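Colleague: Residue strings, one per chain:
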Amino acid sequence: MRRSSAASKKKSDSITSSTTDLFRSGPSKATSKEMDRIDHLFNQYANTSSNLIDPEGIEELCSNLEVPHTDIRILMLAWKMKAEKQGYFTQEEWRRGLKALRADTLSKLKKALPELEKEVRRQSNFADFYAYAFRYCLTEEKQKSIDIETICQLLDIVMGSTFRAQVDYFVEYLKIQNDYKVINMDQWMGFDRFCNEISFPEMTEYNPELAWPLVLDSFVEWISEKQA
Amino acid sequence: MDQGFELIDAAVTKLKRILEGKPEPAFGSHEYIENYTIVYNMCTQKPPDDLSQQLYDKYGGIFEDYDKHTMLPSIMEKHDEYMLRELSRMWDINKIMVRWLSHFFFYLDRYFITRRSLPSLTEVGMTCFRDHVYNNVHFNVKQVIIALIHKEREGQQVDSALLKNILDLFVQSGKGSMERYEDDFEKFFLQETASYYSRRSSSWILEDSCPEYMIKSEESLKKEKERVTHYLHSTTEPKLVEVVQTRLLVLVAKQLLEKESSGCSALLRDDKIDDLSRMYRLYHEIPKGLEPVAKAFRLHVTSEGNGLIKQAEDAATSGSVEEQVLVRKIIDLHDKYMAYVMDCFQNHTLFHKALKEAFEIFCNKKVAGSSSAELLATFCDNLFKKAGNDKSNDDSTIESTIDNVVKLLDYISDKDLFAEFYRKKQARRLLFGKFNDEHERSILTKLKGQFGGQFTSKMEGMVTDMQLAKDQQTGFEEHIKNGNTGKPKGVDFTVNVLTTGFWPSYKTSDLNLPLEMVNCIESFKAYYETKTKHRRLMWIYSLGICHLNGRFDPKPIELIVSTYQAAVLCAFNNTERLTYQELFEQLNLSHEDLVRVLHSLSCAKYKFLKKEPASKTISKTDSFEFNSKFTDKMRKCGESRYVPLPPVDDRKKVVEDVDKDRRYAIDASLVRIMKSRKVLPHQQLVSECVEQLSRMFKPDIKMIKKRIEDLISRDYLERDIENPNTFKYVA
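Protein chains in written order, with full-length UniProt numbering: chain A, 1 to 228; chain B, 1 to 731.
Any given hint could be a false lead.
Ranges between beta-carbon positions, derived for each pair [as the list claims (entries may be wrong)]: (1) A:122 - B:679: 51 to 57 Å; (2) A:156 - B:679: 32 to 38 Å; (3) A:209 - B:710: 18 to 24 Å; (4) A:176 - B:535: 27 to 33 Å; (5) A:209 - B:449: 32 to 38 Å; (6) A:196 - B:679: 21 to 27 Å; (7) A:110 - B:668: 54 to 60 Å; (8) A:156 - B:701: 48 to 54 Å.
Derived by calculation from the structure, the hints in this document are not laboratory data. Predicted model only: the values in this text are computed from it and were never measured. Even glycine gets a Cβ: it sits at the ideal position worked out from N, Cα and C.
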């Protein structure tokens, strides 16, 4: 294993050295055979010079899994791996994710996806996943907001299947309004709360005097004007 | 024993005869003693001969008998007032009888009664009367009394003493409590009073004007109160007053106050001080009675104020409002209605509040696009400019106008906007006109007193700068006299040093000055450096004024021009003719500035330069020549006042600047609040923020929300995860 070169890619060496122990001594003890298979699978998609699975590799992975690469399940997989950089999986992240899914072959990984989806959609996990999805799209260091276009795509992926109507309206609104060029984490989280707490399209419970983000106040106003 | 009883009977009969007015000699003192002794003897016998009980019963029996068989029938056979008289007479008789008989039977009172805790003789007498007379007649009596009162209300005379006596009987019949009086009389009386005044009020309200109605009401209340002193029991007064007030004043308040051409509005308009004072007096007595009056007052003042605003809007030609007229009218309005509040309305807080609310409504309206803050600032500006030139306006008028301005400013919610407009205009006054130091300081002192030091700090700084500048100039001139400083003789040079933070920011440019001016500047710089260290001077040529001698062929004329214009003109000192391009390169002005300056020198009122081609606009291919033929009948030409930028642009800039400052103020306020409270729900945060800032302006709720979001993204605050409507301070 090119652990040493992988280590030099990492931000802090100390994590690497302790995590190796974790792998061997963690609660769900992966057998060394399983670990080998996981690594073997990693190498099938990884770029040999960087020792990362890059966007190309991910695309290949997706087609092998028979999942479109803009599908929410890839995002969920990233979440399970706690992947930090969008479009890339490190070996450690790969190991983390697949070990947790108990998947050491491609077919096992494929089978694990529906279960993963169920897990993520559980109320207790979804908020965390939702926040993760936002952070995952922050590509620059110190970046705090995401541009409107990316947000629209992200909304579609993450919330499209559960809150179709809200997403469609909100995306339309975001595209035609001029006040906001980016959306920040607080506004992003606000939208999730909005979908869960406010009936749509009646929105009778919505009270702009409460602490809803201003962008949602404007959104609700815009819809009311449209309906009038 | 029987003898004893016989003697007693005889005495009683005698007494009755006396009381009934029948001829009978009065009781002599020996008879008195005799009767007393009879009773005494009968009581002091040894039991079973002790006749106390029988005597007691006999006493009661005497009364019972007399009441039932003599008094009551005699009363019942009469009617109306005669019945009352009879009752009164009987009541009086009863009282005397009680007195005399209890004297006779006194011994019982001393021992028998106290020993057995029985009602006293007086009590017995009263109880009998009540039970056998009063209880049977009170209903009819009450009817009669009420009928008499009605007559009196209609203007007829009644026998007050009689009524007083009868009503006293009612009271006494309660034996210590007011129950009988209240249930048997007062209740019905109040009902009757209520319907009487209801009827009155219905007819008056239709026929009479508001003042007339009020006078009648006042009169009625007065009469009813007199009635109480004449014969009603004092406890009736508050209840009676309440009934009358309710019927006459409370239930018709709206109709009364809103009467066309005579209601509250009309009275206020027409200075009807007496009527308004009466209105206050009447409604003041009633709990919460003043509220409709205060409301009518507020609505009237608001509509008067709105009227003034509309007038000003209509009169505003080409978007410029005659603010002198409008502000003076508003001040007069305020004085007029404040006088009402202090005078007719006895300085009552409700009316102060109504006045304040009314003014706050119309004082915050825009007039033809200008905010009231701007209008007020312009008003002050013109006031001081005029005062500088026109000595006829004496100081005390100015002072009182200043006081009024401060009062009005209190009603305006965008105080920070006023401050900014005022500051800009003050700067122009200080730099370019004659200004009166005393007036300038006076208004600032008053504003400081009302709104705090922070409000006026910059403006005060500006006025102080002017004072310092004078001293600085004197020092500079001394310095020049004493030594060779490189300043060319023959050029007078005055400098005003302005402290950057206080003054509005002005655009300037790196103009290439004529040599003489450069030397002046250098010499001042040198002088200044001897006076202060660590200060950098930034020269604002755009604000300068120059006086030049123009040696024109017809006659020399003194030109008063801006520094930029002077720089252009001086360029022609060395050459007759210059092209635009040459001027541009030589002077280092922007195209915009250069075009403007050249236009003012060659295409405007005073053509100091000739332009080729002689079109109305400047183009980059033009060339210019000194116009030696220029002349004017005046000896001086040019703007003695600096031409300000067109007002609309300026206004926009001011509003923008104030908005920016407000954003900082909101941020600071939010952070301050959260730092001390640590955790706070959204609505509370917003309302506290509004409260904190209300001294200076009324913050827009949306803006506050936006600032909160901004603070969240800058990690000053965070949303509470469990409670998304609450924020936490991030240390």
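Colleague: Are the hints correct? Go through all of them and say.
Modeller: Structure-based check of each hint:
1. Between residue 122 of chain A and residue 679 of chain B the C-beta distance comes to about 29 Å, which lies outside the given range of 51 to 57 Å.
2. The hinted range of 32 to 38 Å is satisfied by residue 156 of chain A and residue 679 of chain B, whose Cβ atoms lie roughly 36 Å apart.
3. Look at residue 209 of chain A against residue 710 of chain B: about 19 Å separates their beta carbons, and that is inside 18 to 24 Å.
4. Range check, residue 176 of chain A to residue 535 of chain B: about 53 Å between beta-carbon atoms, so the 27 to 33 Å window is missed.
5. Between residue 209 of chain A and residue 449 of chain B the beta carbons are some 37 Å apart, a value that agrees with the proposed interval 32 to 38 Å.
6. The given range of 21 to 27 Å is respected by residue 196 of chain A and residue 679 of chain B, whose C-beta atoms sit roughly 23 Å from each other.
7. Take residue 110 of chain A and residue 668 of chain B: their Cβ atoms lie about 57 Å apart, and the range 54 to 60 Å holds.
8. Roughly 32 Å separates the CB atoms of residue 156 of chain A and residue 701 of chain B, a value that falls outside the hinted 48 to 54 Å.
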